[in-house]
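Novice: This is what each chain is made of:
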Amino acid sequence: MRDVYIVGVGMHPWGKFENKIFTQLGEVAVAEALKDADITWDKIGAIMSGILIYGGNAGHLSGQYIESVFGETGVPVVNVYNACATGSAAIRMAHNSIAAGETDTALAVGVDISPKGFLTAKSKDPKADRDVLRWQMAGMPNPVYWALECRKRFEKYGDTEDVLADIKVQLSQYGSKNPNARYKKIYTREQVLGSVMVCDPLRLFEICATSDGAAAVILSSDPKTIARANKPVRIAATTMGSAIYGDPTIRISALSAPSKAEAPLLSESYSASQQAYEKAGIGPEDIDILELPDNSSWHYLQYLETCGFCGEGQAAKMFSDGLTKIGGKVAVNPSGGFSSFGEAIGAQAIWQVVEASNQLRGRCGERQVKDAQVAMAQTYGLMGNSGTTILTI
Amino acid sequence: MGNVATAKRKVPALPDLFEWAEDGLRMQSAKCSSCNTYFFPAAHAQHRPECSREGVEKVLLSNKGTLATYTIQHYMCPPPFKTLGDITPYGLAMVEFPEGISVAGLIVESDLEALKIGLEMETVSYTVSHDEEGNDVITWAFRVVK
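Protein sequences appear in the order of chains L and C.
If you read the first sequence in numbering that gives the first Met the number 0, its first letter stands for residue 0, the second for the next number, and so on.
If you read the second sequence in numbering that gives the first Met the number 0, its first letter stands for residue 0, the second for the next number, and so on.
Hints were generated in silico from the structure; no laboratory data involved.
Treat the hints with caution; some may be incorrect.
[Said to hold, decoys possible] Once the Cα atoms are required to be at most 27 Å apart in a straight line, the calculated DSSO-like pairs of lysine-lysine come out as: (1) 259(L) - 30(C); (2) 9(C) - 123(L); (3) 63(C) - 121(L); (4) 57(C) - 259(L); (5) 176(L) - 316(L); (6) 278(L) - 230(L); (7) 81(C) - 123(L); (8) 278(L) - 155(L); (9) 34(L) - 184(L); (10) 19(L) - 121(L).
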C-alpha cells in the first residue's frame with residue numbers, strides 16, 4: 000500500500016442557496032481544490048462522489064454531473080451514500096484506490112442542498128422502511144433521538160444544561176472567526192439557555208441546522224503532484240465503521256434497541272475510530288485537533304468518550320476544564336463545528352477533512368491551532384455509519 | 000382497554016406493530032430462539048453474528064416495562080405524523096420490557112412534569128385520527144402506571 004497525501008482542498012461556503020443547483024456548488028469546491036493542488040483536471044484519475052439523496056436521479060449520480068462540468072474523461076466515477084458519513088466513504092474509496100495502485104490521483108467530492116423545512120421520510124413504505132414508522136407512528140424527528148440519549152447522560156453522570164449551553168458558546172466563538180461558516184454570531188450562556196426548548200433537554204441553539212454546501216479533496220501518491228503541493232498532508236488512516244450487535248444506542252430511524260449493552264454506545268463510531276488508531280499507530284493522546292460531529296451539544300460530549308479522548312462520564316469535566324479549547328490538550332472543532340455550519344449531509348464529512356487539513360497547513364488565521372501536527376476528523380451517520388480520518392504533517 | 004366492544008372500534012394506523020390481548024395493547028415483536036434476540040418491528044431482524052437464524056417466532060411483549068429514558072417534544076412533528084390536533088408538548092419514551100428489548104413511542108395520559116427514569120409504564124393505544132366509518136385510528140403509546 001502506498002502513502003497517500005492530500006494535495007488540494009476546496010469548498011463552497013455553507014449557507015442556504017435557493018437559487019443555485021448542486022453542480023454550481025460542487026464546481027466552486029472542485030475548482031478551488033484543483034487550484035490549491037496546482038494541477039489540471041486531466042490529472043484526476045478517479046472520482047468518488049457523495050450522493051445527494053434529495054436530488055432525485057441527478058443527486059444519485061452526482062459524480063457524473065460534476066464530472067461533466069469539468070469535462071468527461073472516462074475515469075471511474077462512483078457515487079456513494081452512507082448518511083452523514085457519506086463523505087467519509089468517498090474519501091476512503093479515493094484513498095484506497097490510490098493506495099492500491101489503481102490510480103495516482105483521485106477526487107473525493109460531496110455536495111448537499113437540503114430540502115426546505117423539516118427533513119422527513121423519503122419513502123412511503125412502512126414495511127421495509129422503519130424511517131416511515133418513526134415519523135408516522137411515534138412523531139420522532141431526529142433531535143428526539145439525541146435528547147433520549149442526552150437524558151440518559153444527565154441521569155448517569157450528572158451533566159447539566161449549563162454544559163450543553165457552554166458548548167454552543169465556545170463553538171460560536173470559533174465559528175465567528177471562520178469566513179466559510181453559515182452562523183457567525185457569538186452567543187452567551189444566557190442567550191443559549193433562553194433559546195426555545197426543542198426536545199428537553201436540548202434547546203434550539205444546541206442543535207445544528209440543515210445547510211447547503213460543498214467540499215472537495217484531491218488525494219495523490221504521485222511524487223510530482225505531491226512535490227507541487229503547498230504543504231501536502233499525509234493520510235495516516237481513513238476508516239469506516241458500522242454498528243456492533245448489542246449497541247444500546249437508540250439509533251435514528253430505529254424504534255427499538257437492546258436494553259442490555261453488549262457493545263459500546265455509538266458502536267459504529269467506536270469501531271471507525273479504533274480501526275483508525277490501529278492503522279495509524281496514533282492514539283487520541285497524540286491528536287492536536289479533533290473535528291467531531293456536533294449535531295447537538297450531546298454529540299460533543301459523547302464523541303469525546305466514544306473516541307477515547309476521555310473516560311466514560313468524563314467529557315463534561317474535560318470540556319469545563321478547558322482541555323478542548325484552542326490552546327488546550329486537544330482543540331475540538333476549531334472550525335466552529337456543525338453548530339456554526341449546519342449539516343450538509345453529503346458534503347460535511349469532506350468539509351471536516353478540509354478544515355482539519357487547513358489547520359495542519361497553518362491556514363486558519365484567528366482560529367489557528369499553534370504547532371498542530373496531527374488532526375482527526377470523525378463523522379456520524381444515522382443507522383450505523385461512521386468514518387474516521389487521521390491526518391499528519 | 001381489553002374490552003371486545005371497545006377494541007372493535009379501534010383500527011391500527013399500520014398493521015403488524017401491535018395486537019390486542021386480555022390485558023390491553025401489546026407490542027408485536029419476534030424472537031429468534033437461536034440467538035435470543037427480540038426484534039421490533041417484527042420483520043426487521045437483527046440477529047447476533049454467527050446466529051443460524053433458525054426458529055424466529057412472533058411474540059407479544061409484556062404490557063408493562065420501565066421508563067429507560069424520555070424527552071418532551073415542544074414542536075409538532077411534521078407529516079407523515081398526523082394527530083387529531085396539535086398535541087405539543089408531548090412526551091416520547093424508550094420503555095424497557097422484561098424481554099430485554101426497549102421500544103420507543105409516545106407518552107400519553109401522564110404528567111410530563113413528573114416523568115422520571117425508572118417509572119413503571121404500560122402500553123396503551125392512542126388515537127391519531129378517525130377513519131371514514133368513525134373508527135379510532137390508533138398507534139401504540141406508553142402511560143405511567145398509576
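Novice: Does each hint hold? Answer for all of them.
Specialist: Taking the hints in turn, this is what the structure says about them:
no. : hint            : result
1   : 259(L) - 30(C)  : 16 Å, holds
2   : 9(C) - 123(L)   : 23 Å, holds
3   : 63(C) - 121(L)  : 33 Å, violated
4   : 57(C) - 259(L)  : 21 Å, holds
5   : 176(L) - 316(L) : 25 Å, holds
6   : 278(L) - 230(L) : 23 Å, holds
7   : 81(C) - 123(L)  : 14 Å, holds
8   : 278(L) - 155(L) : 33 Å, violated
9   : 34(L) - 184(L)  : 31 Å, violated
10  : 19(L) - 121(L)  : 22 Å, holds
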